[in-house]
Each structure stands twice: as structure tokens, then as C-alpha cells.
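As you go down the protein sequences, you meet chains A and B in turn. Per my numbering, residue 89 is the first one in the first sequence, and the count goes up by one each step. Per my numbering, residue 1118 is the first one in the second sequence, and the count goes up by one each step.
Honestly, the hints are just simulated from the structure, not real lab data. Backbone N, C-alpha and C fix where the C-beta goes; we use that ideal spot for every residue, glycine too. Wrong hints could be hidden among the right ones.
Said to hold, decoys possible - Straight-line Cα separation of at most 25 angstroms, DSS-like style, residue types lysine-lysine; simulated pairs:
#1 A:Lys498 to A:Lys430
#2 A:Lys483 to A:Lys433
#3 A:Lys253 to B:Lys1141
#4 A:Lys471 to B:Lys1141
What the hints assert, rightly or not - Where chain A lies over chain B, by a calculated footprint (3+ residues, C-beta under 8 angstroms):
#5 1142 to 1150
#6 1169 to 1180
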Amino acid sequence: MSKKWRLWTLLSVLFVTSINMNAQQFDEIMSRGQIKGNFQFESQFYREDTIIGAEEVPERIRSNGFLNLIYSNGGVSAGVRYESYLPPLLGYPEGYQGNGIMYRFASYQKDNLSITVGNFYEQFGTGLVFRTYEERGLGYDNALDGVRLKYKVYDGIQLTALTGKQRIFFDYGEGIVRGFDADINLNETFSDFFEGSKTRILLGGSAVSKYQADRNSQFVLPENVATFGGRASITRGRFNFYAEYAYKMNDPSADNDFIYKPGEALLLQGTYSQKGLGLLFSAKRNDNMSFRSDRTEGEQNLLINYMPALTKQHTYNLLATLYPYATQLNGEVAFQADLIYKFDKGTILGGDRGMDIQVNYSTANNIDTTHLNDEFTFRQGYKSSYFSVGEVYFKDFNVQLTKRFSSKVKGIFTYANLVYNQDIIEGKPGAPTVYADIAIADITYRLDMRNALRGEFQHLSTEQDQGDWATLLVEYTYAPHWFIAIQDQYNYGNSEKEKQTHYYNLSMGYNNKGSRITLSYGRQRAGIFCVGGVCRVVPASSGLYLSVTSSF
Amino acid sequence: MRTKNLLSISVLLALQLFFLGCEKVDDPYPVNIGQSIPYQGTEYIIDTEFEIGNTTQLITFIDNNNWESLTSPNNSNQRFILLEEFTGQKCTFCPDGTREIIRLDTIFKEVLIPVAIHAGTFAEPQDPSSGKYTTDFRVDGGHSEDYLNQFNPGKAFPRGTVSRFDNGSVSGPAAWEGQINLLKSESPIASLTINNHYSPDQNAVRVQIDLEWLTNSTKEYNLQVFLAEDHIIDWQLDNGVAVPNYDHRHVLRKVVNGTWGKSIGQAVQGETISIQYITRVDADWKANDMESIAFIYKNDGYEVMQANAAYIYKP
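Generate coordinates for the entire structure from the input sequences, incorporating the hints supplied.
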């Protein structure tokens, strides 16, 4: 479909909605319409920097940009997103090349029925069975292009049916995805029975299948692969318990080396919350649950489902980008415990202004597998036990204290201890497991209502990989519009003297009414950028970076 | 819940059934009957009548049947000799050849592997009304006649080739012992082992052949596999006398892998070849008198360089 044709399709949809009315009615209706949107443009001028391994970029300048426009009027809405990658910033999937509209939709809602045609994002439960979403920072976009129906059939019961093809860069995957989901809120559906009850129960069930033709001469491949899921959420008072299970039929693919073993995933989560205290425990086990609409694809392409990460999403640079955890779709057993507690004012630890503490512990291990040696027969690959775990992939114990010392001084202090299996997470065979301690102090000093200084002092200590790192950041903010920051990351503990490098960066920005301009110059070290356990590798780069974002 | 809503749910669920689909694949490998199947270092070559077309079916077939196993002698230090005797039930002097083979067998024992190829006019069965020589001992597939035409023993039966020596030249019984002695004194170029696995239920035999080259050679070699049956009691003309209960020895029953066998390439010292033929044993044959015979021969000149034999079943 050409780009022009796509635009005409959108205009036609808008036209059809107005074709049966006179001009006055049309004006009246259009006056009720609303347009929302957001825009982002990022561009970097790259320079070769042999010290950090930043290679020469032939184009010198690379840029990403997009504009979202969504028009809504009553029950009708339509939108487009124009995207531009000329070419994409380093680290983005290279499949993004050129300009175009790969996201456009029109939807209509009347009474209990909602219909969407075109591109849409959807999620069943936590995504074990189905999740399409966009994460721009990762270059991740697996939107469906097709048709979606949502229908509230009764109080508390909503059904969703959808079908479509998934986006892959500026194209669509080969497979066709079909899905169905039912959400039942028992308290609403059986309101008489639950009247006055403190217990709230939500149930859900999903089924998703994909079709991809079998053109493989080596194996007999299932052309239709289905995944089924069920979930329950029970809330009573301050407690919530959530459970979700998914089962996938045989799905031989490049991810699992074309074995025919079914996949399954189980997610359990319990939370407790009251004023000043929050507790969360979660556990997950997924086994052979990579589910893509093209069985030959890899990386983050054409994933139909999503395995939630049970690790904390860190924000401080050394913690977030040196050793972040990437969810292992082929098999993982993960646990997480999270405690948030607020020490009240007047207590010993709370002092005059109180103090927040967050303690988090997460682990991820391989599932415990036994090889079946059936490569030439049934190709089940392995069997695995629910009640034991395999090698350690990742551990993260971290504590964060947030303390306001005075009306002017606030500190956030973080300590983390990481165990990071490079071999598995980064696919570096033979690379040693990294054991790292990280300490961070983040101090903000507010000079007055408009002026504030913030300093970040980060230190990472490890005997493996690149050794010790230190980061210093100083940021000055002139509220509400301006900020300027200088940062240096120093890999002073690298065992190779010539790699004991400074990664300096100077940045400044301007914010105003939903718009922001950022300009920075400096070095970006090679690392991994993850959001929710989904990661991309970022190569080293050096140069001038410009970002403009705006929303309306 | 209103009827209308129930109807809506039903329609959506029906739609969903339409949308969804899934297929469970029990057998990952395409079925390709008649093709060889590599599995765990062995090439399996299976008669098409078993309808085994992939590894899964092969393993299922093996696992689901009971197999009696017998092994051939070790010939890694000895060149074994194949004696292919052309014979026929109406060949009056052929029993002299058989008697010579029996005598040689007592001398050379396992080193000598005789096989009686019934071929030519002497092997043509008579009309059933004649009451004798009615059994057709010629092997199915016309292979007997192929060998007859190739090695050309004429009509002066009994004649045979000793390991197809001298371009497969044939000779009378008087020459066989000398030729055997000549050839058996040469070092073997390969060791060739047969492991027979027989299933009485299936009337099937898995002839496992493991070969290791003991020397290098740029000659091209073929592997040939036969099934032969010993002690078939039937009519035989013996020096002018029609004998109704003659003991026919080592009768070629089946050419398992084609008239000229399977190409196995050149000899590379130390390299091994592992091939298993799965073939049917006719229900009329006495399994406990059946033996498999395997040999390798030079493409250029037919000389059999190593051979071996093993019974397939000893209940």
C-alpha cells in the first residue's frame, strides 16, 4: 500500500462519517471534535572517537522523528502517526529506514460496541498471551494492523476479538494473528450476590492463535499455533492476589531451535498496601514462551506476547544501563519482593520530615531442564521441573532511602548488589558472571523557588567485565524552564589502562508548556537499554545530540 | 442475563472459534517413504513396504517390536571370501559343486561365505503337473539373471566366482580351493561386521553393517547385501537321479539393495560407515536358516574385497 493511498484511506474514513449530513450539521459536529497529538524529533551529529570505540558514521547525522495526530469526536476517532528515520539513531533497529505512515486507525463506539480498524495496541491480562505495544525508546512497535471488536455484553463482562498482522519496521510480518479475550468483573455481573462485599474478583480468559504457512522442507511445522490463558484477580481490603497462566501449543521456531515442546507461563503476585507501607511479592515461571507471528524472527521482532520482568526498573545511569536484566523468553524462573515503608515524622529514623525506604530483591534463574536427546524423533527438546531452578541469570538486591533533610536539601541514597550472567543475558559465551556493588547519592539543594542544584554521585565496584566505574553529575535548574547539566562517567577500574576512559557529557534543556528542547554534547558509552525486560544494545557514540518534544 | 446478550456472547464465541485454530504436530519430520534416514550416525535404508518415512516412524517401529540379535564373526584381521555358485535344480552336476562347498566349508569355516545363485535354464521351474522341480529358486527382481549375464558361467554348471576375482571370472569346483587360499592370504582392506536384528512378529530383519576402512584406496567401492536360506529340502537332479528331498544349501533369496548394491566411495583408513537395511523376510522362508550376507567390492572389476555373514535368527 503506498503512502499516498494510506492518507487517502484516512480522509475517506473521515469523509464517510460526514457524508449524510448538511453543512450546518457538519460544522456543528466538527466543532465538537478534538485533535490531540505529540511530536518528537531526535538528531545526533556523530564523530569518530576511537578511545571509546565510536566508529565513524558515514551519514554523520542521524535522526528519528514522529508526529502523532488523533482526532476524536463523539464516538468516532481516527489517527495517524508519521515516522521518519533518516537513518535511525545508532542503537535503533536498522530496519527502520525512511519515512512513512505505519500507524493509522479509525474507531467507532456506540452503546456497548467498539470497533477499530487499522492499527491498534491491545493487551490481554499482563500480556503472557498477547500484548502489542509501542516503546519508542527501544524502537519497539508490534502494533496489529487489522480489525478489533470490543463488546460489553453485560454488566462487568467485556469481550474482545481481534485479527491482524503485526508491524515490523516499515512492513508487516508474514503471520496472521487472531485473538479473543473475555474479562468478567464478578462484582458487577453478580452485583446482588456481591453487594456489600469487600472482596472484588476479576476473571479473564484469552485465546490467541497465529497462522503462518509451512514452507519448510526439513520439518512438518504447525501452521496454526494457539495460546490460551486464564487469570484471576482477587482483592480484599488491603490485599490483592493475582494469578495468570498461559499455555502455548507446539510452536517450533528459531527461538527454541525448532522443538515441538508446548510452552507455558505462570505469574503469581500478591500485594499488601496501607498508608506508609507497601509490600509486593511476585513469582513467574515461563518455559518456551517465545510467541511470534513469524517463527523465523529473532530479537524483539514480531513478538505476540510479553513476559513481564520481575526486576526493578532502575533509573540511575550505572544501574540502569550497565547490567540491566533482559527477560529470557525461552525459560526463566523469577521472584521479586518489594517493600516500601515510610518512617513518619518524629520517629527515630523519620526525624523531622520523615523518610521513605524501599527494599527490593529480585532473582531470575534458568528453568531446570533435562535434555531428551530426541532431535531426530519427536523434538520435544527437554523436560523441565516446576520445583527446581537452573543456573542464576540475575540477582538484584537494592535499598533506596529518600530523605528530606531540610526545606532546601533532599537526598536519595541507593545501594544495590547485582549478580549478572553476561553469558546468557548478553549472549557472550564464556564471559564471567558479574558481581557488582553500586552506591548512589542523589542530593538536591534548592537555593530558592527557582534555582536548584542537584548532584549525583554513583560508584560501581566489580572485579569482572570492565571493572569499577564512577559517575559524577551536577545539574542546575532554573525553574520552570531551564536546566544545564554536566556529567562524567569514568571507567577508572578497567584492567586495560587504555580503556580507563572518561565519558563526559554536557547537556542543557528548555521546557515550556509541554514542549522540551534538549541539547547535549559528549560521549555515550556502549551499553544496554532496557524497558520492562525488553532490551536493545546501544553502541558507543560521541557527538552532538538534539531532542525536541512537544505535545498538545 | 437477557436473551439478546446471550445471543451476542454465542455469536462472538462462534466468531472466535472461526478465528482460532491450532495444530498439534506429533511427527516433526516429513514422511518420505523410500528415502534413507540418517539417525545417530547410521544411515537407515528401509523397504518401502514398511511405510517408514522419517525418524519418528523409524524409532517407533524399532521400539514397538521385539528384536532378536545375532552378530557375524570379526574379520578385522582376515579377508573373508565370497563364493557365488551358479546352480539350478535341473543341473545334474551341480550337487558336485555343493558337495565341494561343504568340504571347503569344513576347511575354511567362517572365512568362506557361499551363496547359491539359481539362474539360467537349469533354474527354470517345471510345470506343476510334472510333480518335480516346480519350485522357483530364482530371486525376485531378476537379479539372478543379471549376475548370470554379467559373470557368464555358460552352461557348464556348476561354476562360480570366488570373490569375483579376476574381473568376476567363473571357474569349476576344482579351482575354488586354490583361489580361496590365494585371496584369503591377502590383508583385508576393511573390517565388516553384521549385526542382525530379527523380529518374528514383523518377519523383518534389520541388517546393521558397520565397516571400517583399514587402508586407503582411490578405488570406488560398493556395498552389497543378500539374504540366503540354507537347508531348503526340495527336488534336485543329482548326477542323473531326481532326488526329492535334496538339501539345497545357501540359496540366494533376496538381493536387499539392488543388483549392484550401494556406492560407498573410496577407502579412507580409519573412517567408518554404518548402514542398516530394514527388509522383510518372506513368511515362507525359514527364519532360523536365513543368513544375511554383506560384502564390499571394487566398482572397477567387481572383486569382492571383504565379506561377512550372520544368521538372522536362532530361536
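Verification of the supplied hints:
1. A:Lys498 to A:Lys430: Roughly 15 angstroms separates the two Cα atoms, so the pair holds.
2. A:Lys483 to A:Lys433: violated (33 angstroms)
3. A:Lys253 to B:Lys1141: Holds. Lys253 of chain A to Lys1141 of chain B sits at ~23 angstroms (cutoff 25 angstroms).
4. A:Lys471 to B:Lys1141: holds (18 angstroms)
5. 1142 to 1150: With 6 residues close enough to chain A, the hint holds.
6. 1169 to 1180: Since 3 is at least three, the answer is holds.
Violated hint: 2 only; the structure is consistent with all others.
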